[in-house]
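Novice: Chains as they are written, first to last, in the working numbering: chain B, 21 to 334; chain Y, 47 to 731; chain D, 71 to 370.
A hint or two may mislead.
[As the list claims (entries may be wrong)] Simulated pairs of lysine-lysine, DSS-like, Cα-Cα distance not exceeding 30 Å:
#1 Y/Lys137 / Y/Lys176
#2 D/Lys147 / Y/Lys70
#3 Y/Lys468 / Y/Lys514
#4 Y/Lys137 / B/Lys27
#5 B/Lys74 / B/Lys94
#6 B/Lys116 / B/Lys94
If you are wondering where the hints come from, they were derived from the structure by calculation, not from laboratory data.
Here is how the chains run, residue by residue.
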Amino acid sequence: MGRYILKRLGLSLITLVIVSFTVFAAAEVLPGDVARTVLGPYASQQQVDQLNHKLGTDQPLVKRYLTWAGDFIKGDWGTSPILNVPVRPLVLDRLKNSLILAGFALLLIVPISVLLGVLAALNYGGAADRIITITGLSFVALPEFVVGTFVIVIFAVHLGWFPVSSSVPDANPVDIFQQLLLPSIPLMFVLFGYISRMARVGTVESLRSNYTRTAVLKGLPQRQVVGRHVLRNSLLPTITVVSVQVGYLVGGLVVVETLFSYPGIGQLILNAAVSHDLPVLEPAVLMIAIIYLVANFIADVLVAVLNPRVRLAT
Amino acid sequence: MSAVAEQAAVRIEGLTVSYRRRRKLLRVLNDVSFEIGHGEAYGLVGESGCGKTTAAMALMRYLPDNAVVDGGRIMFGDEDVLTASDSTLRKWRGERMAMVYQDPGSALNPSIKVGEQIAEVYRFHKHLGKSDALAAAIEMLSTVQISAPDRVARRYPHELSGGQQQRVMFAMALATDPDLLVLDEPTTGLDATVEAEVLDLVEQLRAQFNTSILFVSHNLGIVARVCERVGVLYAGRLIEQGPAHELFQSPRHPYTLALLRCMPRLGMRKDTDRLDSIAGSLPPLGAEIAGCVYADRCPIARDRCRTEPPQIEPVNERHGARCFFHEEVPGIPPQAPGIEQVPAATVEQEMLLEVQELVKAYGSGTNAVLAVAGVDVHVARGEVLGLVGESGSGKTSLAKCIVGLIDPTEGTIEFEHMDVTKGRSRGREARRRLQMVFQNPDNALNPSHTVGSILRRSLQLLAGVRSKGQQDAELEALTRSVRLEPRHLDVRPSALSGGLKQRVAIARSFAGKPSMVLCDEPTSALDVSVQAAILNLLVDLQRREGVSYVFISHDLAVVRYVADRIAVMYLGQIVDVGPSEAVFSAPHHPYTEALLSAIPTLDIDAKARIKLRGTLPSPSDPPSGCRFHTRCPRYLGDICKTEEPPWQDSAGGQSYRCHIAPDELERLQTQDAAAAADATGDSVA
Amino acid sequence: MSTVEQSDLAGIPGGTAPEDVARLRRARRVELLRGLLHSKTFMIGAAMVAVWVISALLWRWITPYNPQAVDPINTLKAPSSSHWFGTDNLGRDVFSRVIAGAAPVLTVAPLATALGLLGGITLGLLTGYYRGWVDDVFSRLVDALLTFPLIILAVLVLASLGRSPRNVILVIGIIFTPLIARTVRSAVLVEREREYVAAAQLRGERGPRIMVFEILPNITGPITVEGTIRLGYAIFAAATLAFLGLGIQDPSPDWGLQVANARAYVQIAWWMAIFPALALSTLVVGVNLIADGIRRVLEE
């Protein structure tokens, strides 16, 4: 078990190195001259070169990567040349805002999705199954800005229940719902599609398995069969799916935060990318990768703890 | 054992079941009636698709969703299982009726400890508390002869061997001492020695519990060993039933007779005996048949058989057959025309294949697993070498090295005086001359190509036949040689039955006129009647073309029938090798002895079973000295643990690896066999 | 699939009677087609998609107004009999723009999917068949790639490469390549263990031929399903990128772009946003229903 966790941790770190290098390389090598962007089209080439030298963008890539990675680890993330603010507090603050929104969506939708997915499986082929499956299938296909537009028009414009654009809520629960419910609905639509499908497939598979047959033929009541024998095995894959969805969520956040003018990291990344604000863009994207890897790591460890076949294989 | 009691434990009356498939109802069981007495073991046998599993599942009322019961009753005591309320059914299941089936690995919940899984039965049916239930479960584990039951109870299923898993299933099934135990192919997929252990356990448990048993199997030998009465299913109909010995000794339905004649019995040899096979094929599922379901394949069918469905005609008070002319059945002559009178190809006496010091390792460093651990094999031109061993013995890895699908780690392979050690660098000539027939014909033919194009491609690449006209001629000859018909060439494999597919696969391997064909379990995926036809074909081809076979099989009767010489493998090594008859008679390696005693046969003179201790060691950490010493029934002492055994040569050209000398071993083995024969003779009398 | 049914029905050599044989040969394809026609999911999805495919092809002839024609007098008009879906902030007819808006998304998404399929099938066959270190490296890289949400990756690249439909196709196609390759690879891993592959090796076939002629024809099912699902994602992604301002630029009619422009007017002219959003919904849901229909029929 310990060895499994260590191995898993090592793999995550390797992936992180690859990812951070890719982020760095992609952002720096692809066309788009930082100094030129900062100084505008009318600056002389000499001024541009000078600024590039000052920013260190004329050094070899690997050397720059190492310097940058070292600074990142030390917490020295620099200043945004475009926004003229220190990067670290900016990125971390925006990240916090996004985590609040994403956490809200996850907390609300994961239990509902799992429940409905299991319900669909237990009614396999019946009306409830068809309705849940088709709903999930349709929800997952809808881009966030489409759903977002619908909810804004209906609930904010016509009914006036919610603000048209959202801000970071204070701790009071009414405000949390007021600010976060609308922007999280588009995210929940997609999440519901994925998670309920996985929960359904896992449960159906488990229901058809030979060990479920054994449990039924032992004469156990239906509740025992489902509770003890089916769900224990069928929900394991769902844990992994939820953790992979953390990655999706961030992508969805870019859209939702733009649509609702919510000050999160997605919006920050989009603006930084469009304006070539590399000192902001790189750590922001890297933070997302780190969060994704942490979520996956936790999910893998959780699955290993719950699944004896992984737990006992050393 | 006792005769049928006054009132049967279970009575099945007119059971008729269909499956709904694509808006059509296909009948799988048609008016099946039989009863099982108290404490009786009733065997239900038949080939795949006969409906035997459906019958077993109907008994537990656990049919798939698309099954429809069209009629009949299953009387369990005074109540009908098919109409019982859900709560009654739930009470019966687990308490009064229980089931053990194939593939114990998937039948146990992977994430619950086995002790708890057994304890559940006690908690729900006997209302025991948690710790009492667990104690009872551990007790039950020792009843099914699991050593260290308290330790095993804390294990998860994947930590147990196949044999242990099946014991756990038995413990769970018998926990409440049920009235009825349904066993659905409980040993299929297990190795021969494990299968024998499980069957021993069934016998012992029968003596201990007075449970009625329905035993469903495709293996006539096993049913003959376990059951008192037997019913034979064919195309959803019960066509014969009677006391096991009587039915197997003097069957009264033409199908039962034919089925029995298809099996290679010990003592049959390809040079002298030919296997019977059944012409034609099973009627398609759901076919409307006016008369007898077997009429199309029956040698004594008349007009009446095709128009009027026969009822079960009594042979005597306990034996009946669904045949108008059952009295003629004993007189049906063997259908096989005898040994084919083709001139056997003349064969030079020379070595064809020489494998030396072959090692195949998977993985590397400390994790390395030696699947083949130093093997020497040679095969002469025109000779059939049988390769025998259980799973994990390395026989498949050895075969793959020989045909060049994988490269050996060490050692050399010489074939027709060519060095073919490295599979990938083999020339066309070597590939053409050394081909392979695979185990599973469903897998071995590309489902998206037609039979014709599969064979043509082989002719092109192996025989180098390029011109269309010449290809057509060769293709026709090839098709005829495996007794396929030209119309089969235009179809894709999915349209063919298993037997026909295997013929295509055989034709493919013979396309380049090979001198050696490696047959990897070529009949183990096939039904007995089909197996016979394929074995006959292989034997004819071998005689006519003068090819050599390396014939891998877990079925000793089959190997004995086709092989000239036999090599027995255990944990990556050959432990016994020699002419077939010599290997089959004492003295032989103690492992061979155990394997031989494990085969369930139809012959009444049951032999003593040699029981192997423990479980198969992992090939990644083989035992020191003699690899078999951890399980050997003739274990001598430390010498077996520390010293690798020498090759011993016995009379008749056989060699085996053991510390016991031939004379001594022969004395021990014949002596034990005689003692065992006495013992079984006593118990029968 | 129920085990009882399998064990009982699998071995039945039904249909091997000679007269059946030729019929059976065609039967599989006909049966698949019939299955699709009987599948409500598939047919509804196909109808929804068909409407937009026709719009994309024929919008020049069927739109009541020129979708780009500005009309400064009639800006932000609510839906009426002359403008069914109203007009936008520049007085352009929203209905005409919705009809014409099918064209860019139905150009970008299929081309991106085709690119992804081409790359994914090639890469999947190679890594799945040859395995080895190339496969290991590939798997690691895909893992790394998956840590980025697709949209973020596209944003990064498009912001650097420049915004144009061509770049959108390239980005989505390239991001799809490893994802599709993963599906193809796992299908290849199953097939290569089948003995017909060993048999082909034994008769001396070369690797590329085995991949293309032996394995590929047997994995068309999963590839079709994957391709359809990916097409849905491609529409999703292309529309989202357009919404974020990274794809096609105004004044061309495009649903994502229309919704983005409508954002500022949502409180006074909801129709500007709702109709293109609805159009997009029906298209992506339609494609997903088709994918589900195909999957069900293939699994039967």
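Novice: Going through the numbered hints above, which ones does this structure break? Give me the numbers in ascending order.
Specialist: 2, 3, 4
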